[in-house]
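Q: When you get a sec, could you build the whole thing from the sequences and use the hints?
Here's the letter readout for the chains.
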Amino acid sequence: MAKTLFEKIWNRHIVKTIDGGPAVMYIDKHFIHEVTSPQAFNGLNKRGIQVFRPQQTVATADHNVPTLNQHLPIKEELSRKQVEALIKNCAEHGVELYGLGHPYQGIVHVIGPELGITQPGMTIVCGDSHTSTHGAFGSIAFGIGTSEVEMVLATQCLLQTKPKLMRINVEGDLKNGVVSKDIVLYILSKISASGATGYAVEFAGSAIRSLSMEARMTICNMSIEMGGRCGLIAPDETTFSYIKGRKFAPPLSPEGGQEGSAWDKALTNWKTLYSDADAVFDKEYHFDAADIEPMITYGTNPGMGIPVTGTIPTTETINETDKSGLNKSLAYMGLQQGAPIRGQKVDYVFIGSCTNSRIEDLRMVASFVKGKQKANDVEVWIVPGSKQVEAQAKAEGIDKIFEEAGFMLRQPGCSACLGMNEDKIPAGKYCISTSNRNFEGRQGAGARTLLASPLTAAAAAVTGVVTDVRELMPPSPEGEFVSSLIESNQTN
Amino acid sequence: MSKAENNFNATVSPFRGQGLHSTFVPLNMENVDTDQIIPARFLKATTRDGFGKNLFRDWRYENDDETKPKAEFVLNQPQYSGEILVAAKNFGCGSSREHAAWAIADYGFRAVVSSFFADIFKNNALNNGLLPVVVSDEFLQKIFAASHSDPKARLEINLQEQTIKLSVSETPPSEGLGEVFDINAYKKTCMLNGYDDIDYLLSIKQDIINYETTLS
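Order-wise, the sequence lines are chains P and G.
Per numbering that gives the first Met the number 0, the first sequence runs over residues 0 to 491.
Per numbering that gives the first Met the number 0, the second sequence runs over residues 0 to 215.
If you're looking for bench data, these hints aren't it; they were derived computationally from the structure.
All figures in this text were calculated on a predicted structure; none of them were measured in a lab.
One or more of the hints may lead you astray.
[To be verified] Restricting the straight-line Cα-Cα distance to at most 25 Å, the calculated cross-link-like pairs of lysine to any residue (SDA-like) are:
1) P:K344 / P:D376
2) P:K74 / G:A44
3) G:K204 / P:N10
4) G:K52 / P:L77
5) P:K161 / G:V179
6) P:K7 / G:Y210
7) G:K204 / P:P21
8) P:K327 / G:R59
9) P:K45 / G:R47
10) P:K243 / P:L266
11) P:K163 / G:D136
12) G:K43 / P:N41
13) P:K322 / P:G333
14) P:K322 / G:N27
15) P:K270 / G:L214
A: The following block contains the structure:
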């Protein structure tokens with residue numbers, strides 16, 4: 000019988016199914032961080048049990064860490080205690096920790112893929128909703144609560160009910176100046192912030208297949224913003240060449256006495272991971288890539304997005320889903336119905352988060368901003384996703400380009416995406432942000448967030464207002480500017 | 000349920016299956032995200048306790064000042080109280096922070112009613128003895144309308160029967176003001192008896208080990 004990609008992975012991971020109830024799902028990889036794990040370890044200690052399969056859990060410190068002076072003790076007492084608790088818990092339970100100061104430290108959804116831990120066909124969970132990022136590799140990856148973190152630590156399993164299946168197809172070529180963040184903000188604006196609740200979402204179509212792995216991660220990352228249980232993309236040559244040779248990728252040379260390498264064996268398996276031609280989805284959407292413009296949000300949920308050249312919806316023009324919240328959102332944002340978003344003053348620019356903090360994002364911003372200067376009254380924070388991204392940026396001289404432009408390159412962490420550490424946007428200020436959520440207070444109490452791509456954020460950094468990045472890009476009818484960037488990314 | 004499943008130690012408080020009968024707090028807002036339920040700056044604790052005082056913190060207080068409650072926010076309106084929170088659709092979207100469920104439970108709510116919940120929040124609620132009750136849009140509107148005309152309107156939730164009924168002004172629920180709600184049979188048993196998933200999963204550890212041997 001024809002199966003979807005999701006079903007193929009799901010079926011391989013069911014230990015048993017409870018009569019009339021959920022299935023027991025085996026978890027291949029588990030990521031933990033300092034904020035949602037301490038209570039789970041407390042639970043294990045109360046029960047007097049150890050982590051069941053410590054080699055299948057990897058820890059890092061990201062949510063709550065400072066992004067300046069990471070070599071010094073964390074000043075804020077509660078944050079420091081949380082990070083110390085992670086160190087202690089990992090040591091007691093034999094869990095590998097890439098903590099502050101470690102060359103692999105970084106945002107959990109950046110380090111998993113870059114270390115080759117994230118692989119096709121796996122089940123991957125973490126006490127963080129953006130775990131959906133890892134689905135870009137063709138895995139079932141989703142965020143869980145702390146009780147569930149405890150379950151996975153204790154038994155390497157979770158109880159899960161099978162979600163419905165959705166496929167979102169994006170076909171055709173992207174316009175110049177349009178990148179993967181715009182694709183996902185566009186989809187969100189069409190299906191709303193709850194459009195995929197209860198579904199596992201597969202992203203497909205030629206526009207998706209043409210994307211690099213990092214660009215794919217941006218899309219799957221925000222599948223949770225549609226309410227999706229997870230987002231996934233069938234693995235292909237782009238996926239395989241990204242993983243090949245990474246630290247924890249299957250080894251390329253055969254181990255003693257074995258025929259064939261672990262890599263070859265894995266590849267044979269990974270190549271079976273796609274939705275069969277006649278597989279059936281509960282819901283399917285089709286979008287044309289050529290319809291997508293550089294996008295930006297104006298409201299307080301990620302579904303409230305418009306083209307940068309567009310106007311803010313009015314009570315008459317907005318979709319039903321966001322109608323009731325429109326006035327409340329605009330009052331919070333200090334914006335007006337029917338007004339253009341272009342030209343809106345920006346106070347802060349945040350380029351970072353598990354959505355857009357990878358080396359490609361930094362390269363894209365650097366290529367655009369080289370030789371340009373930030374606007375005087377704008378503060379620009381660039382927060383790399385990991386120590387490895389930071390090191391790579393420095394090796395390529397990207398740090399110098401940022402410095403010359405007046406951008407501040409900080410140290411890795413979740414930072415102003417959620418403002419848990421000191422990186423907060425002051426009340427009433429506007430921040431154009433490459434992160435994933437524009438909820439009230441997300442970047443600091445009273446902060447006003449405009450979500451956009453790294454290119455659109457960089458354009459605002461230069462002009463000080465919301466800008467159509469295409470106006471500042473070299474004339475390029477073929478879209479050479481962005482496509483050359485993406486090519487350079489894929490060779491790395 | 001299998002025999003093994005009956006050997007649980009109850010580790011969470013049993014939900015009163017015979018019925019929760021209470022006034023309720025109407026939060027007529029859609030897409031209430033977990034950043035509103037409990038802002039990130041309050042996630043620095045390493046225990047599960049004490050989150051209730053920061054529930055809806057930035058909607059409750061002016062400039063983060065507990066001496067300046069925002070009068071328009073429903074938790075600050077003395078006419079509304081009770082053990083049930085009623086919210087509009089897509090409640091609990093956003094971050095997976097279980098702290099949101101802890102905060103709601105710690106504040107004193109035992110159940111949340113909405114026309115639909117975000118996935119992760121729903122699981123988190125169930126794992127903490129906080130009952131998420133999904134009702135139709137029509138019934139939800141009736142509940143909000145009733146609360147508007149009669150702040151002492153009550154909801155009666157019976158988990159055993161899977162029913163929810165609305166009554167106004169101390170009168171018993173009238174015809175048509177009730178619904179049957181869905182809940183996974185396994186989760187229902189857990190809620191009624193205070194079982195938790197970890198007890199269950201630990202009880203089938205041998206099955207898990209057997210499964211692992213099938214992995215190459």
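Q: Next, verify each hint and record whether it holds.
A: Evaluation of the provided hints:
1. In summary, the hint linking K344 (chain P) to D376 (chain P) is supported, as the alpha carbons are separated by about 10 Å, within the 25 Å threshold.
2. Taking the CA atoms of K74 (chain P) and A44 (chain G), the gap is near 16 Å; set against the 25 Å cutoff, the hint holds.
3. At roughly 19 Å between alpha-carbon atoms, K204 (chain G) and N10 (chain P) fall within 25 Å of each other, so this suggested pair holds.
4. Proximity of K52 (chain G) to L77 (chain P) is assessed by CA-CA distance (about 17 Å); at most 25 Å being required, the pair is judged to hold.
5. As the CA atoms of K161 (chain P) and V179 (chain G) are separated by approximately 23 Å, the hinted pair is consistent with the 25 Å bound.
6. Proposed proximity of K7 (chain P) and Y210 (chain G) is supported: the alpha carbons are some 17 Å apart, at most 25 Å.
7. Between K204 (chain G) and P21 (chain P), the direct Cα distance comes to roughly 17 Å. Compliance with the 25 Å bound is thereby established for this hinted pair.
8. Among the hinted pairs, K327 (chain P) with R59 (chain G) is consistent with the structure: their alpha-carbon atoms are about 15 Å apart, no more than 25 Å.
9. Straight-line distance between C-alpha atoms of K45 (chain P) and R47 (chain G) comes to about 13 Å, which keeps the hinted pair within the 25 Å bound.
10. In summary, the hint linking K243 (chain P) to L266 (chain P) is supported, as the alpha carbons are separated by about 10 Å, within the 25 Å threshold.
11. Only pairs whose Cα atoms come within 25 Å are accepted, and K163 (chain P) paired with D136 (chain G) is accepted, the gap being roughly 21 Å.
12. At roughly 15 Å between alpha-carbon atoms, K43 (chain G) and N41 (chain P) fall within 25 Å of each other, so this suggested pair holds.
13. A distance of roughly 17 Å separates the Cα atoms of K322 (chain P) and G333 (chain P); the hinted pair therefore holds under the 25 Å criterion.
14. A hinted pair counts as satisfied when its Cα atoms are at most 25 Å apart, and K322 (chain P) with N27 (chain G) qualifies at roughly 14 Å.
15. Distance hint between K270 (chain P) and L214 (chain G) is fulfilled; the C-alpha atoms sit about 18 Å from each other, no more than 25 Å.
Every hint, counting from the list given before, is met by this structure.
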